[in-house]
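*Asks:* One letter stands for each residue in the lines below.
Protein chains: 2
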Amino acid sequence: MQVIRNVQKLRSLLKLSQKGKTLGFVPTMGALHAGHLSLIQQSIKENQLTVVSIFVNPTQFGPSEDLKKYPRPLKRDLQFCRKLGVDFVFLPAREEMYLKDHATFVEIEGLSNLLCGASRPGHFRGVATVVTKLLNIVQPDLLYLGQKDAQQAIIIARLIKDLNSPVRLKVMPTVRAADGLALSSRNIYLNQAERKDAAVLFQSLRLAELLIKNGAQDTARIIDRMQKLIRQKKSARIDYIKIVDLRTLQPMQRITGDCLIVLAVWFGKARLIDNIFLHALKKTKGRIKDPWQNSNTFSLEGI
Amino acid sequence: MQVIRNVQKLRSLLKLSQKGKTLGFVPTMGALHAGHLSLIQQSIKENQLTVVSIFVNPTQFGPSEDLKKYPRPLKRDLQFCRKLGVDFVFLPAREEMYLKDHATFVEIEGLSNLLCGASRPGHFRGVATVVTKLLNIVQPDLLYLGQKDAQQAIIIARLIKDLNSPVRLKVMPTVRAADGLALSSRNIYLNQAERKDAAVLFQSLRLAELLIKNGAQDTARIIDRMQKLIRQKKSARIDYIKIVDLRTLQPMQRITGDCLIVLAVWFGKARLIDNIFLHALKKTKGRIKDPWQNSNTFSLEGI
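Protein chains in written order, with the working numbering: chain A, 309 to 611; chain B, 309 to 611.
A few of these clues could be false.
Chain copies aren't distinguished; within one or between two, either way the pair holds.
[To be verified] Computed list of lysine-lysine pairs in DSS-like fashion (alpha-carbon distance at most 30 angstroms, straight line): (1) K323 <-> K504; (2) K469 <-> K317; (3) K577 <-> K541; (4) K323 <-> K542.
The set of hints was computed from the structure by calculation and includes no laboratory data. All values reported here derive from a predicted model rather than from experimental measurement.
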């Protein structure tokens, strides 16, 4: 495994070692956990070369956000990548990625201002810009993202389509702790009580799933039930809970087909996000008892 | 020469025919003239394959601008390309380039709002977006732009740097008619009298050059002399005349080194732009009589 900090050097090394080999790419901000692991393993499985980038991207953090204290356990991350069989780790300094007079940004209108974008202005502009840069640097065949960051994956899918980026996106299922909490680098901000409380997020998503499978259609009522469940936890402060269309991220009034149930909730200093996707089976002539499948995960191949 | 209207088809054809060959790319809006010719010839000279795109990009036109009446002499353009030895002409329809739900735009802050960007809000956002798309589709080694559109070239140079686009930009000198008028697809909008008057643009740029070579340093006075000259022509309506720094496009108060003299002037329904670049020789110990060289053309390799 080679650790490379310089854009030009990575480019020339990739040129030398690629020669027709397929290249998988997993962009990360480090602090790797089993969620990242699943992305990296998938890339190694499906490609002859795998590049992992570790870069805490400043342009996706707001001025009052956790850029400075974001965890950076670099040694552990590199061991983690080496063990898995990553070929190249791209580890640029801030100055290598952003020149002093950097002025170019990629914006995805509409999608970027909803959900997390409403709470974190400029966040997805920063994400879209750094992903565009990384795709230009690495030029992978396949890009791996996690469904935990559903809005991010949907926005990047839109970007790839709109800018004709020559890459295929694969979204991998959210990896969860035993109690259902989605793995996140930010979980380390939780104290013991908050960590325990945070399991309510997945419970509330499963509650929504159950209600919908049992025929509930009024999204306001479903969200109300989720809120009530989450508010039982003292340390929880809800940012948003929404049931939206996967493609437009617009709220649905009634459950009439596929839907993405998304939420962001604060526990102490940690703002956690999670989601599940409910995929409605097309109705056939005969009634089907459970019209839902693949609950929890979505594919963006079609959108 | 192959004429291709479909993104996927162009991609697979380029993949088949490239195989290590260098690829030059000349993006155009058609209505080709000797300025485009110089770009295409340069690309053919320097590359084993040359792609020319012809696409009147709607996102770079304002609502009251000339998108509809922009000249589209397609047959002539294709003959022109065939004669020169172009390998592929990419000729996408609007729907091939912009999906109905297109939402992604590339913005270059600062540079995009100055000069032509001040008169044409959103223009450079459209240019940056379509160039990003075309670069992703064609994936050329070299990109050729004309210096006549100096601000465009400077913005694209910034974009390539900021987004790590794997392409080298070459800016070719402005091609002029016998009376000095810069060739432009929009010159056909001029009636006979306006066409005659429009020669004053280059005369005013040469006047500025002469004044500066003779020691003039106060840009306000130089611009004033240019204005007076241009205003002698009845059909001329000045949009702007500026003397700016090549890198930042910010106005210079005094001529202290390299400078770009840029202008936009209406003649009837045609808004024409032109510029020259004055390159200051570094002062050596001995005095040099003429401290300027390469007047008229600039290189963006260094910025």
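*Asks:* Does each hint fit the structure? Answer for all of them.
*Replies:* Going down the list of hints, with the structure as the test:
no., hint, verdict
1, K323 <-> K504, "neither (48 angstroms within a copy, 53 angstroms between copies)"
2, K469 <-> K317, "both (29 angstroms within a copy, 16 angstroms between copies)"
3, K577 <-> K541, "within (15 angstroms within a copy, 67 angstroms between copies)"
4, K323 <-> K542, "neither (54 angstroms within a copy, 59 angstroms between copies)"
Violated hints, in rising order: 1 and 4; the structure is consistent with all others.
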